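A.B. asks: Sequence:
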Amino acid sequence: MHLVSGYENRRARIEIVPLIDVVFLLLVFFIYAMLSMTVYRGLRVSLPHATGETENMETLIIAIGADNTLWVDESPVSLSEAVALAKARVTDEAQPVLISGDRTADLGLAIELLSALREAGVESVSFQVKVDQ
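Under our numbering, the letters of the sequence shown match residues 1 to 133, in that order.
Possibly wrong hints are sitting among the right ones.
Said to hold, decoys possible - FRET-style restraints, in silico, Cβ to Cβ:
no.: 1; residue 1: G121; residue 2: A33; range: 33 to 43 Å
no.: 2; residue 1: G121; residue 2: Y32; range: 40 to 50 Å
no.: 3; residue 1: A120; residue 2: D67; range: 23 to 33 Å
no.: 4; residue 1: A88; residue 2: Y32; range: 17 to 27 Å
no.: 5; residue 1: V129; residue 2: S36; range: 18 to 28 Å
no.: 6; residue 1: D106; residue 2: D21; range: 57 to 67 Å
no.: 7; residue 1: I31; residue 2: T91; range: 30 to 40 Å
no.: 8; residue 1: M34; residue 2: D73; range: 45 to 55 Å
Rather than coming from a laboratory, the hints here were simulated on the basis of the structure. If you're wondering where the values come from, they're calculated on a predicted model, not measured in any experiment. Ideal Cβ positions, reconstructed from N, Cα and C, are used throughout, including at glycine.
Make the full structure from the sequences, and use the hints.
C.D. replies: Below is the structure:
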């Protein structure tokens, strides 16, 4: 006896639901990977500790290395060049300036830089520190 169930006449088909699940998982993974990446431009310095609020805005970072060299955008500059770059960016883009100094750098150089920036008309200047949690 031969029974006809209709199963023999079914065509092959591709299930889309598991494929959509995998695509969404990949999408979530890539979004998470992009958001967790941080872009660090500049010189690695050992920051001093302080308390305060963090700022999330586009800034010009002037780094002072442990050997008292000034760095702007990953290139060493002199004090006058750093001040000129900061003045140009502040007048063009109204960008605040952030002084990121190594813990072992001389305080005198940081004060000279701050004074030169103020004399050049750069009013929005702050020091980068490591915030204690």
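A.B. asks: Do A120 and D67 keep their Cβ atoms within the hinted range of 23 to 33 Å?
C.D. replies: holds (25 Å)
A.B. asks: In this structure, is the beta-carbon distance linking G121 and Y32 contained in 40 to 50 Å?
C.D. replies: Check passed, 43 Å falls within 40 to 50 Å.
A.B. asks: May I ask you to test the hint 45 to 55 Å on the CB atoms belonging to M34 and D73?
C.D. replies: At 23 Å between Cβs, range violated.
A.B. asks: Using the C-beta atoms of I31 and T91, is the stated range 30 to 40 Å upheld?
C.D. replies: Taking Cβ atoms as reference, I31 and T91 lie about 37 Å apart, which means the hint holds.
A.B. asks: Hint says 33 to 43 Å; check whether the CB-CB distance for G121 and A33 agrees.
C.D. replies: holds (42 Å)
A.B. asks: Taking the Cβ atom of V129 and the Cβ atom of S36, is their distance within the range 18 to 28 Å?
C.D. replies: With a Cβ separation near 24 Å, V129 and S36 satisfy 18 to 28 Å, so the hint holds.
A.B. asks: In this structure, is the beta-carbon distance linking A88 and Y32 contained in 17 to 27 Å?
C.D. replies: violated (38 Å)
A.B. asks: Just tell me: holds or violated, for the beta carbon distance of D106 and D21 against 57 to 67 Å?
C.D. replies: holds (58 Å)
In this structure, the hints that do not hold are numbers 4, 8, in rising order.
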